[in-house]
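S.K.: All chains, please: the whole structure from these sequences, using the hints.
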Amino acid sequence: MMEPSTSSRRFDPVDLAMLVGIVVILVISGLNVWNLKQLGARVSAIEAALTPKRAGPDPDRVYTIKTAAAQARGPETALVTIVEFSEFQCPFCARVAPTLKQIEETYKSSVRIVWKHLPLEEIHKNALGASLAAEAAGRQGKFWEFHDRLFADQTKLEPDDLKQHAKELQLDMSRFESDLLSRDHKKKIDADVAEAKALDIRGTPGIFINGRFVAGAQPFDVFAKIIDEELAKKGAPIPSRASSD
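The opening residue of the sequence shown carries number 245 in our numbering; numbering runs sequentially from there.
No lab work stands behind these hints: they were computed from the structure.
It is possible that some hints are incorrect.
Unchecked claim - List of simulated lysine-lysine pairs, DSSO-like, C-alpha gap at most 30 angstroms: (1) 310 to 386; (2) 469 to 411; (3) 411 to 441; (4) 432 to 400; (5) 352 to 469; (6) 407 to 430.
As the list claims (entries may be wrong) - The following label-pair restraints were derived from C-beta to C-beta distances: (7) 479 to 397: 20 to 30 angstroms; (8) 430 to 463: 26 to 36 angstroms; (9) 367 to 397: 17 to 27 angstroms; (10) 459 to 345: 12 to 22 angstroms; (11) 430 to 481: 40 to 50 angstroms; (12) 411 to 481: 38 to 48 angstroms; (13) 400 to 346: 16 to 26 angstroms; (14) 416 to 484: 40 to 50 angstroms; (15) 305 to 367: 20 to 30 angstroms; (16) 367 to 476: 32 to 42 angstroms; (17) 425 to 478: 24 to 34 angstroms.
The beta-carbon is built from N, C-alpha and C at its ideal position, and this holds for glycine as well.
M.R.: Take a look at the structure:
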């Protein structure tokens, strides 16, 4: 009797089991690679979510701020322009006001102060009205005097208080009350608010020194250091009492 040919033999059970095992291992390996990729993507997403994001403007960047038509004091030729996004009901804005005056007294004609409106209406109900009143006073050349009165007592920002401030500054009251309703003032304030939003300013005061951002009511020395650096860039003298180490 002839023996069956090799080609007609069935797979040995051991060989078949080995083949199945290899296939299973390959499938599992493929799944593991896929799972590892998925896990890596999830880890990256979690890390991105947990990584602190920069809040507000970048202090290492120089921004261009619109200053045309803004209320300002100090010469237009000043080597340093300080732009303040602020409002009249914010306690921190009131706190930085004397610091800015100290800067003006120290640096004199080397600095120019520019005011930009950023009334935080959601938390300060009188902020917008105060800004409108200050602009109305500005129509009669008394913006900064009105500004100083508002910061001198932030409990007096109601409509009747604003009119009283105007009377004490001897403003033309009929003109003042008419200007309070001016759409131009509201448009100007809205434009300042929109610019602040575009700059990602998160609160008041938000201050830019030659385009360099400083957050909050910082002490004099913080501002002086940046001002000194800006003056040094232009080869200008630095007042000795304001020089930083």
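S.K.: Does each hint hold? Answer for all of them.
M.R.: These are the hints, each one checked on the structure:
Restraint check: the Cα-Cα separation between residue 310 and residue 386 comes to about 22 angstroms, which is no more than 30 angstroms; the hinted pair holds. Between the alpha carbons of residue 469 and residue 411 the distance comes to roughly 40 angstroms, so the proposed pair goes past 30 angstroms and is violated. Our distance criterion of 30 angstroms between C-alpha atoms is broken by residue 411 and residue 441, whose separation comes to about 34 angstroms. In summary, the hint linking residue 432 to residue 400 is supported, as the alpha carbons are separated by about 24 angstroms, within the 30 angstroms threshold.
For a cut-off of 30 angstroms, the pair hint linking residue 352 to residue 469 stands: about 16 angstroms separates their Cα positions. With a C-alpha separation of about 18 angstroms, the suggested pair residue 407 and residue 430 falls inside the 30 angstroms cut-off, and the hint holds. A hinted range of 20 to 30 angstroms for the beta carbons of residue 479 and residue 397 is inconsistent with their spacing of about 43 angstroms. The given range of 26 to 36 angstroms is respected by residue 430 and residue 463, whose C-beta atoms sit roughly 34 angstroms from each other.
Against the hinted window of 17 to 27 angstroms, the Cβ-Cβ separation of residue 367 and residue 397 comes to about 19 angstroms, which satisfies the hint. Range check, residue 459 to residue 345: about 20 angstroms between beta-carbon atoms, so the 12 to 22 angstroms window is met. Here the CB-CB span from residue 430 to residue 481 is close to 43 angstroms, well matched to the stated 40 to 50 angstroms. Between residue 411 and residue 481 the beta carbons are some 44 angstroms apart, a value that agrees with the proposed interval 38 to 48 angstroms.
For residue 400 and residue 346, the Cβ-Cβ distance of about 24 angstroms falls inside the hinted range of 16 to 26 angstroms, so the restraint holds. Between residue 416 and residue 484 the Cβ separation comes to about 45 angstroms, which falls inside the hinted range of 40 to 50 angstroms. Checked against the hint of 20 to 30 angstroms, the C-beta distance between residue 305 and residue 367 comes to roughly 28 angstroms, which is consistent with it. For residue 367 and residue 476, the Cβ-Cβ distance of about 39 angstroms falls inside the hinted range of 32 to 42 angstroms, so the restraint holds.
Remark: the range hint 24 to 34 angstroms for residue 425 to residue 478 is contradicted by a beta-carbon distance near 44 angstroms.
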